[in-house]
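As given, the protein sequences belong to chains A and B, one line each in that order. Sequential numbering of the first sequence, starting at 1, is according to UniProt numbering. Sequential numbering of the second sequence, starting at 1, is according to UniProt numbering.
Derived from the structure by calculation, the hints contain no laboratory data. Predicted, not measured: the structure shown is a model, and the values here were computed from it. Take these hints with a grain of salt, some might be off.
Claimed, not checked - Cross-link-like lysine to aspartate or glutamate pairs, in silico, DMTMM-like; alpha carbons within 25 Å at most:
| no. | chain 1 | residue 1 | chain 2 | residue 2 |
| --- | --- | --- | --- | --- |
| 1 | B | K179 | A | E297 |
| 2 | A | K332 | A | E297 |
| 3 | B | K332 | B | E400 |
| 4 | B | K332 | B | E356 |
| 5 | B | K179 | A | E7 |
| 6 | B | K179 | A | D23 |
| 7 | B | K179 | A | D122 |
| 8 | B | K179 | A | E20 |
| 9 | B | K332 | B | E228 |
| 10 | B | K179 | A | E400 |
| 11 | A | K332 | A | E269 |
Number of protein chains: 2
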Amino acid sequence: MSESDRERRFDHLFATTVRERLDDAGYAGGASPPAPDAVPLTYGFPYPESFPVAALRDAVETVLDEEAADVLQYGGGEYVERLNDGILAHEAVNGVDATRDELLVTNGATHALDAIGATFLDPGDEVLVESPSFVWSLAVLDNHGAELTGVDLDENGLDPDALEELLERREAAGQPVPKLLYTIPSFQNPTGATLTRERRERVLELAQQYDFLVVADDAYGELRFEGESPPPLAALDDSGRVIRLGTVSKTIAPGVRTGWIVAHEALIEQIGHMAAGGTNTFTQSVLGRYFDAGHYEPTLEGLLEGYETRRDAMIDALERHLPPGSSWTEPKGGFFLWVTLPEGVDAEEMLPLAAEEGVTYLPGERFYVDDGGRQGAADLGDDGVGTRSLRISFSHVSPEELEEGVAALARATEAYLE
Amino acid sequence: MSESDRERRFDHLFATTVRERLDDAGYAGGASPPAPDAVPLTYGFPYPESFPVAALRDAVETVLDEEAADVLQYGGGEYVERLNDGILAHEAVNGVDATRDELLVTNGATHALDAIGATFLDPGDEVLVESPSFVWSLAVLDNHGAELTGVDLDENGLDPDALEELLERREAAGQPVPKLLYTIPSFQNPTGATLTRERRERVLELAQQYDFLVVADDAYGELRFEGESPPPLAALDDSGRVIRLGTVSKTIAPGVRTGWIVAHEALIEQIGHMAAGGTNTFTQSVLGRYFDAGHYEPTLEGLLEGYETRRDAMIDALERHLPPGSSWTEPKGGFFLWVTLPEGVDAEEMLPLAAEEGVTYLPGERFYVDDGGRQGAADLGDDGVGTRSLRISFSHVSPEELEEGVAALARATEAYLE
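Let the sequences and hints guide you as you build the complete structure.
Encoded structure:
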């Protein structure tokens, strides 16, 4: 529906946060010119061959054979419990020790973030986010009326000096401190940056000092194919201030739409109240069997190889094709690279041209919040609002297509700058 | 976690609606004494033999064979579209003509109601509900800070005279009119009452006159095994004021956790923004195949027989066992009966005794909102707050167990009154 057509007769019945967003696209990150023949570097989709189809099919068979009457009923049966056990066991491998009362399984990590928003945020509450950050998470927080303020990040993740300065400035000015900091600590979306251990510890100190909670969205943490991971924020925290989000969207499949929250049980209790609507016990049972049958870890190992090959292909192509003055991050895991093109490029404006040349991406500007607190992403080589930047995903297409896509990006850049 | 143990150090960080609910059980309808040997007449569960296991298993096979890479990816593929088509075709059979832009598939009807709450309700907004109404829907509306006011209902559903009087009184007193009326028009939960056609038309006139929206939760409408159904509210409405909720939880299985909203596209657009987190494309694809393969209608026919047999068994048992002074509704579909026991019974207080005798149920009081607007459910034979009443479900257990459960209810009542 075009904006001018929009039916207005019910506008006065919407909630305030919805009314404020009418006629404003808000954080709608996905719009892209239709370009069916272009290589889609736009989305954080797993590559299709990564899906463990046979294992999922077997799991469906088993759970329907063994406990169909529970699998299909409200609440589920034994295999739902095994999913809980599987997640907890896996989190323990990640260094996060949690009990059943500290876990809530959700309909994906975004549903988890939505429930967290409902639990903690009154309209107008302050939330800090990385600048740039994942646009759909910004949209969810915006749905709850949050005032979003960006905090600088560089290749080592969120800058704790910038965070501390912002908090000090707020405190000195008598402004409210944030309730939440939303961070994607590992292989950040959109930049691929990973927060160092030292910085994680400083973020936790600041959370304690300034009395806020840290929502750590660890969608990509397990997808490290090179080097050593710093411990998850939840593993470093002893104050109960970390709310950890996990998901199987990147390690099993997005279509099974299952995520979880690990947090202090006093928080889980209230988030559980607000995460209305129950969960899909059919899917949860299938995943419970999947964990129980030992598929998770071996599948993950195969993924690491697939993603490393793709990242290497993309970096190789970037090195060979992009014009001087371009730079990019080189993550050791995850799905995304953050590219900064030469001065003079406006990545949003260039997108239709790029689509014609044969590639689509997400312009960097879309990942920034519109606020005064942000210091600019100078450390990522841009001018501070992402104009020259873009996110490309190496997760989705084949190495050959990655090469084609990057070549098209280079052609578009050169044509644009002519 | 017991109330006194509850960790309080994070309480100040919760949203206002959550803080207000701390230490208050709120609309937590489900608590029941542990009674593993008692016949559970408590929950609105379908009977386990009703689940179309073989058809779902086939559907899984087909969608994984034909389009696994889409089924498991963000967004899904062809079968997700076929689910949309199947729902729309089925709604047309119900008399509700809607387009793709007027449909939103959700993670169940409760998720749908939650998204509606997020879209329309600011804390403190007025919402009218039937008195009594489904306790978990009350809980979801309460999560959004709604002020709930009950409107009387009798065996013919919501009383439009009571509704009109309430609206007039509010208007005269300069009080805000409600934004939403939440109704379960057919085989209402908890009473089994069905709103007559004439009353449906009057409710719609009042919605137009007083400028509110009608959320019509039609979870049970298709489960009529006797008589003729009045048209759905959405089929009678030409003002765009009806938001219709559907679900496959009662007609396929709760475990697949899929529902939908049919409403004016201007409303669907905003509800879609607020229904954050995406949907389960794996499950949706399986259900798309299930509809596409023609399983829906024949399965439904089998269910009608199963539920009619159970209702008959329950009514027969009530007639034979319950002491004089008892009464009950006799719905021609759905899952529930509303029983009013003789004067002197407190159904909440009697529950542990009933559990000992061998039956559990949901006390009537739990379905009432705590407000001044409610006129009392005098027409249902109670004293107005549901003390003597209870909801029992004939959907879940076998006819033999229904008989046992009702006999235990009669024994408990007689023992209680001694």
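| query | Which numbered hints are broken by the structure, listed smallest first? | reply | Violated hints (numbers, rising): 1, 4, 10, 11; every other hint is consistent with the structure.
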